[in-house]
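So in my numbering, the last one in the sequence shown is 492, and the numbering has no gaps at all.
Derived from the structure by calculation, the hints contain no laboratory data.
Hints are all accurate, no fakes.
Cβ-Cβ distance ranges computed for the label pairs, FRET-style: (1) E236 x D334: 34 to 40 Å; (2) E301 x R370: 33 to 39 Å; (3) R290 x G474: 17 to 23 Å; (4) A417 x S247: 32 to 38 Å; (5) S442 x G341: 29 to 35 Å; (6) S295 x Q251: 16 to 22 Å.
Nothing here was measured: the structure is a model prediction, and the numbers come from that model.
Ideal Cβ positions, reconstructed from N, Cα and C, are used throughout, including at glycine.
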Amino acid sequence: MSRTLAVFQVDAFTRQRFAGNPAGVVLGADALSDEDMLAIARELNNADTAFVLSPDAQDHDVRLRFFTPRTEAAFVAHATVAAHYVMSRRPGPKRLRQKQKSGIVEIEIRGDDDARRVVIHQAPPPVGRELLPRERLAVLDALALSSGDLDSRCPLLICGTASTRLMVGVRGAEQLRQLKPDAARLTTLSAQLGAAGYFVFTLAPQLPGVLTEARMFCPAIGIAEDPVSGNAHGMLAVYLAARDLVPRSGDKTAFSGAQGHYMNRPGRVDVELDYSNGTVGALRVIGDAALVFETSIGL
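Produce the complete structure using the sequences and hints provided.
Structural data, given as structure tokens:
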């Protein structure tokens, strides 16, 4: 039986087309096989494509599956923002429970029309171990950094669980600009360290209105450099909060991070944290989006 699928190209974490992080979105994907989804993701050739499916239990409202051109991913923040930006074009509930391989997250839509924003409510990711001195030197060498380039307040820590990132704090934007990542060495180190990617950030941004600027490299999962990462900014928020490096107002914290401008795809991620008994109890990653095009595929 032939069927027609609605397909969208969306730039996430920006309101400008051709900026931010691009993602594919495919609606009504229930009848697609894993092979179909992988083939479509490969054809669209974005870092990630989100496939929207009907719920299969009472504990959620919508299901999403995420595919890179090579494999399925457990959860992708920018593709989640892209998918809900598309779905929220029509009137509907402002809060949804989304199920994916990594579990269930709550999605909130703030605002209306082109100004609407997608809020991902997530459990705060864990902050893991600090690198050993020899591991630290190996990572710095693979990024073409020296010890003097690092922010002394920011130890190299691995954050996250299923999707892990190494947090690398540098002194300023000049260090970000001069990075020369060795993809082959970083891939080897990912297997040795248990960190799938490297999130290099500074607390001394040159761009206005943000607390941080960052770049991220994930060659081990096929992403040489990621334009704008919502997941990594969520990890960064918990990392900074644990070290008292983010402004705090009572039991809440909010900040913005810039990423992608070194790839000519500037984007911005907003993060909110709630504290409970002195520790981070809730995390929200917030993003804008811009529709680039919509089309259909007949199968």
